[in-house]
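Enquirer: One letter stands for each residue in the lines below.
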Amino acid sequence: MYETQNKKIISHLAKSDLKSKKMGNLFIIITIVLAAGILMVMGLFPRSLNLENRRLLSGAQDVIYHEVTKEQIKALEQDDRISYMMLDKNGEEMEVDDYIIHQVYYEENSQDIKTLEAVEGKLPQKMNEVMVSREYVKKTGKEPELGMKIQIPSLSGKEEVCVVSGFSKALENSKIYPISRSKAYAERGKGMKDVDYDVLAKIGGSSDMSQEEFLYTVRDIGTKAGVPRKQVNENNYYVDTLYGGLFTQENLVIFIIGLIILSAAVMVIYSIFYISITGKTRDYGQLRTLGMTKKQVRSFVKREGLLLTLRGLPVGLILGGLISWAIKPMGFSLANTAVMALITAAIVLLTVLVSILKPASLAAAVSPIEAAKYSAYTGDTGKKSTKKLQRKLTPLTLARMNNSRNRKKSFITSVSLGLSGILFIGAVTFTTSLDMEKYSRQGEYVYGEFVVGTSINAEEVAKNGFAEIQATANPLTGELRQEIGKIPGVKKILEKQNATIRYDYEDVEAQEDTVTGFSEENMGEIKELLQEGTADYQQLLRGRQILIRGNDLAEEIFGWRFQVGDKVTLYYYDGKQEDVWKSRTYEIAGILDHYHDELTDGWFLLPQQVIEKELPQVNLAEDWILSTDEAQRDQIEETLSAVVSENAKLSMETLREHEEQDAKAMNLMKAVMMGIVLFITMFSMINLINTLISSFLSQKTELAMLQSIGMTGSQMRSLIMGEGALLAIGNIAVSLIFGSLLGYGICSMLYQMGMHYMLYQFPLLYSLLYVAVVLLVPCLISFIMLRRFKNQSLVDRLREV
Amino acid sequence: MSILKTENLKKYYGTSEENLVKALDGVNLQVEEGEFAAIVGTSGSGKSTLLHMMGGLDRATEGKVFIGGKDIFSMKDEALTIFRRRHIGFVFQNYNLVPILNVYENVVLPMELDGNHADRDWVSHILNILGLADKKQKMPNQLSGGQQQRVAIARALATKPAIILADEPTGNLDSATSQDVIGLLKTTSSEFNQTMVMITHNEEIAQTADRIIRIEDGRIAGKAGDGNV
Ligand SMILES: Nc1ncnc2c1ncn2[C@@H]1O[C@H](COP(=O)(O)OP(=O)(O)O)[C@@H](O)[C@H]1O
Ligand SMILES: [Mg+2]
Chain A
1 MYETQNKKII SHLAKSDLKS KKMGNLFIII TIVLAAGILM VMGLFPRSLN LENRRLLSGA
61 QDVIYHEVTK EQIKALEQDD RISYMMLDKN GEEMEVDDYI IHQVYYEENS QDIKTLEAVE
121 GKLPQKMNEV MVSREYVKKT GKEPELGMKI QIPSLSGKEE VCVVSGFSKA LENSKIYPIS
181 RSKAYAERGK GMKDVDYDVL AKIGGSSDMS QEEFLYTVRD IGTKAGVPRK QVNENNYYVD
241 TLYGGLFTQE NLVIFIIGLI ILSAAVMVIY SIFYISITGK TRDYGQLRTL GMTKKQVRSF
301 VKREGLLLTL RGLPVGLILG GLISWAIKPM GFSLANTAVM ALITAAIVLL TVLVSILKPA
361 SLAAAVSPIE AAKYSAYTGD TGKKSTKKLQ RKLTPLTLAR MNNSRNRKKS FITSVSLGLS
421 GILFIGAVTF TTSLDMEKYS RQGEYVYGEF VVGTSINAEE VAKNGFAEIQ ATANPLTGEL
481 RQEIGKIPGV KKILEKQNAT IRYDYEDVEA QEDTVTGFSE ENMGEIKELL QEGTADYQQL
541 LRGRQILIRG NDLAEEIFGW RFQVGDKVTL YYYDGKQEDV WKSRTYEIAG ILDHYHDELT
601 DGWFLLPQQV IEKELPQVNL AEDWILSTDE AQRDQIEETL SAVVSENAKL SMETLREHEE
661 QDAKAMNLMK AVMMGIVLFI TMFSMINLIN TLISSFLSQK TELAMLQSIG MTGSQMRSLI
721 MGEGALLAIG NIAVSLIFGS LLGYGICSML YQMGMHYMLY QFPLLYSLLY VAVVLLVPCL
781 ISFIMLRRFK NQSLVDRLRE V
Chain B
1001 MSILKTENLK KYYGTSEENL VKALDGVNLQ VEEGEFAAIV GTSGSGKSTL LHMMGGLDRA
1061 TEGKVFIGGK DIFSMKDEAL TIFRRRHIGF VFQNYNLVPI LNVYENVVLP MELDGNHADR
1121 DWVSHILNIL GLADKKQKMP NQLSGGQQQR VAIARALATK PAIILADEPT GNLDSATSQD
1181 VIGLLKTTSS EFNQTMVMIT HNEEIAQTAD RIIRIEDGRI AGKAGDGNV
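Chains A and B, in that order, are what the protein sequence lines are. Residue 1 is where the first sequence starts when you use the numbering used here, and the numbers rise one by one after that. Residue 1001 is where the second sequence starts when you use the numbering used here, and the numbers rise one by one after that.
Note that these hints are calculated values from the structure, not bench results. Small disclaimer: the values here were computed from a predicted structure and weren't measured. Note that beta-carbon positions come from the ideal geometry of N, C-alpha and C, so glycine has one too. Accuracy of the hints is not assured; some may be wrong.
[Stated by the list, open to error] Derived coverage of chain A by chain B (criterion: at least 3 residues anywhere in the stretch with Cβ under 8 Å from a Cβ of chain B; other residues may be distant):
(1) 336-342
(2) 384-398
(3) 702-710
(4) 713-722
[To be verified] DEER-style ranges, computed between Cβ atoms:
(5) A:Ala346 x B:Ile1082: 36 to 44 Å
(6) B:Asn1172 x A:Pro314: 47 to 55 Å
(7) B:Tyr1013 x A:Lys294: 26 to 34 Å
(8) A:Ile343 x B:Tyr1013: 53 to 61 Å
(9) B:Lys1064 x A:Leu357: 52 to 60 Å
(10) A:Tyr744 x B:Arg1059: 24 to 32 Å
(11) A:Met673 x B:Asn1172: 35 to 43 Å
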């Protein structure tokens, strides 16, 4: 009975005490809300992202078995690990004006795998029926109407008259317009009867598999049905959503970011409680004089803290949930949110309890008599006497003494401020150091701003692929080169040369690839990059040995590596005899990881002389990269696209287009990063404001006393401003120095990892902004506090003890 | 010539009719140079308010205060503060020492704030008289109440002010220590020919004053010219 009554009194006291200390409590509540909110958002984000991807992919295939035979289709149908499958065919693709038409056949459109849906009319049934989008019909200059007749162009040059059985939606943001054909056409139609079917499949229970299990399953299904590995194309986006193990790079990054945010949150919660409780030691002492035991004081303090936490926590959790939902509505899941809310609540409560523990027992340990003397301001100065008789006494030195009065409090505040400052400067360093121009200029664009190459039409019509074009009808002729070279502002044209070949190795048969030539001058570089085997130019010139580049990528794609000493067969097409490829077998002499990656993605390297001997009179040009005068680029783009559109076999791409796409992707990433950092900064700002205000309030009488013995208003202003400025300056120094180090470290690490667009740059603008805010906030607070002081007469303030 | 003079001094608190408190309601008073005046009166009668007005810690609702013939309320805040720290020494009931400063620093602080360096010999002299010679480098929380109050007195004397205003300087001290402190205050002020106005509840102490001023409900009740009622 006594116990419960006592508890009631304590809880009652706690509640009424809360009412009387609104300001400090508001800060605690805001801190809890922010901490819970950011923990929720950060905790949910990776899961939401995953879930969103999975939901977006729910209508996509898990795997495609490419170009399968009738027997293989039967075998696949027998495999009960496949939960759903359908057939499709990819017919010819052709560029028309500024867009591309693509002939396709899909067996159906289902919930399991969404293909093209008939939003109006029906899917094509008869031989001459097609389904297209309304946008496509409009592109051809006609009014779309069900049952209408349209002419479909084809690469052979003949047009085909078809009946529109239905309309599908146009693909978003795409220049490609699919023309959907009937089953009848897929089987017997001229354009499709020689094309093999692809099988789109879903694997039963795949969402619970790990990445490894999934890949094993889809490959094993392929093997059992006789489909070679290279024709098995798993959906990589889908694989990414599967469990990839605990220690992936991604998890590590998430873990580190999470840890930083968690420690920032813990730090701020700790310091805010520490400040609040030590600031009230006097009140607790009073309770002790009224007869509360130490234990009661301790539980009183704890209860007070928990009450505040319980007020802020639900708001923070709901806010966090809402923000997560707003960021990724498709990835929202009530179950995930609930679990995360529980985890967050546990973390916050635990942190609060730990944060209260120490100051609460400090408060309880103060004897009633001491407590009456104690103010947070007095604290325990720790000193009994000074070494010097008199130190320098000015408002500024007083400010400095004041700040060092409670070392622990200043330390905690400084650390949490400094930490967020470091994160802020580090993050902005990253964003300013990311050289967008360089980023977009990866690959071919290192050398120029325009790339002229052959169009896909040219490739589609050539029976022997790009090799045939190079051998017989390469549109990148010397005359054209001269013509383009004459366009004003074109400074240089770099010809990217690679010979298109086919090769056999391991389970790969007659796979199309490229060989890149090199000369004796490149040998130094090659020797340096060599990882395995040897590279002797004279030997290589004999045409019996070959060099390999990019073995890691080979392993990723095929599951095997090229081995030194193995034989590899290359097939060359020189166009002298139609459809005849001549074969040459080489021994793999050496392997390098990278070699001129921006200009080739083939596996093979041979001396230029060897290639030219095999392919005499073949035009090996693949692309032209134009470096141009910046001021004339718009004009060049116009002229160049006129030249390119004259020849259906030509196509071009521009740096400008790339930059636009990259900017979109990067801005999103930067925004997310800045969002996190701003959140943390907000945290520490609250901490700073709280520290300043609580220190002002506890100094109120003391300042009044200083005034009474003759401190003028302006001297008081410099004392108060000085205190804030000192905190700020220390913080600025720490943030700039360590933040820059962090930023520099990240940049050079990423640069080492091959991201050559990361060039360290000091974030001057953001730093100035940061300095301004960090200096302004204390000034603003001081200003407000001084105003409040002025509103109360000196005598009144003196009276308040 | 009177060094300190009040003219129809009024201080009202509160704004509305009902909660209007007339803490001072027309006080006319003169204190001569070198005089030691004691202010007595019941709690809430307006003693502290009077002292605050006389020292320029707060502004009056009506009336004037002259110090050395100068109307102090005609000065702006900043000027008044500077005037105060040069000419008036305060001693409060609760010492009001700066906890981060040692004894010596507390004593010289008003002078330092004035941009002057303290006269070391002078400060040492005061500290000697007050028996604080060996405590100069101690922090306030290492001192007893009586010692702390003596530091506050030393601080009030250090600027050689013309007037010392003390508000129950012995209120927190036991009677033996009180006698000590008052004795010291009297010796030093007479040594330096300072005028002293002191609020006290202690009849004994009041009796040692040159004059006793009684305050009742914000007004002066009766005067005694030479300390005898
Ligand atoms: N800031 C204030 N606001 C309202 N009333 C006040 C204030 N200061 C003093 N008073 C009132 O003025 C009267 C005189 O107070 P005070 O001068 O402190 O008395 P004493 O020092 O004689 O005990 C009291 O009734 C007190 O309540
Ligand atoms: Mg009083």
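Enquirer: Against this structure, judge whether each hint is valid.
Expert: These are the hints, each one checked on the structure:
1. Counting residues of the region 336-342 of chain A whose beta-carbon sits less than 8 Å from any beta-carbon of chain B gives 0, not enough to reach three: the coverage restraint is violated.
2. With a cut-off of 8 Å between beta carbons, the region 384-398 of chain A has 11 residues touching chain B; three or more are needed, and the interface restraint holds.
3. With 7 residues carrying a beta carbon less than 8 Å from a beta carbon of chain B, the region 702-710 of chain A meets the three-residue requirement, and the given coverage holds.
4. Residues of the region 713-722 of chain A with a Cβ under 8 Å from some Cβ of chain B number 3, which satisfies the need for three, so the listed coverage holds.
5. Range check, Ala346 (chain A) to Ile1082 (chain B): about 59 Å between beta-carbon atoms, so the 36 to 44 Å window is missed.
6. Distance hint check for Asn1172 (chain B) and Pro314 (chain A): the Cβ-Cβ separation is about 48 Å, which falls inside the suggested range of 47 to 55 Å.
7. Between Tyr1013 (chain B) and Lys294 (chain A) the Cβ separation comes to about 41 Å, which falls outside the hinted range of 26 to 34 Å.
8. At about 56 Å, the beta-carbon gap between Ile343 (chain A) and Tyr1013 (chain B) stays in the expected band of 53 to 61 Å.
9. At roughly 59 Å, the beta carbons of Lys1064 (chain B) and Leu357 (chain A) sit within the given window of 52 to 60 Å.
10. Taking 24 to 32 Å as the suggested C-beta distance range, the pair Tyr744 (chain A) and Arg1059 (chain B) does not conform, at roughly 59 Å.
11. At about 59 Å, the beta-carbon gap between Met673 (chain A) and Asn1172 (chain B) misses the expected band of 35 to 43 Å.
Violated hints for the displayed structure, listed by number in ascending order: 1, 5, 7, 10 and 11.
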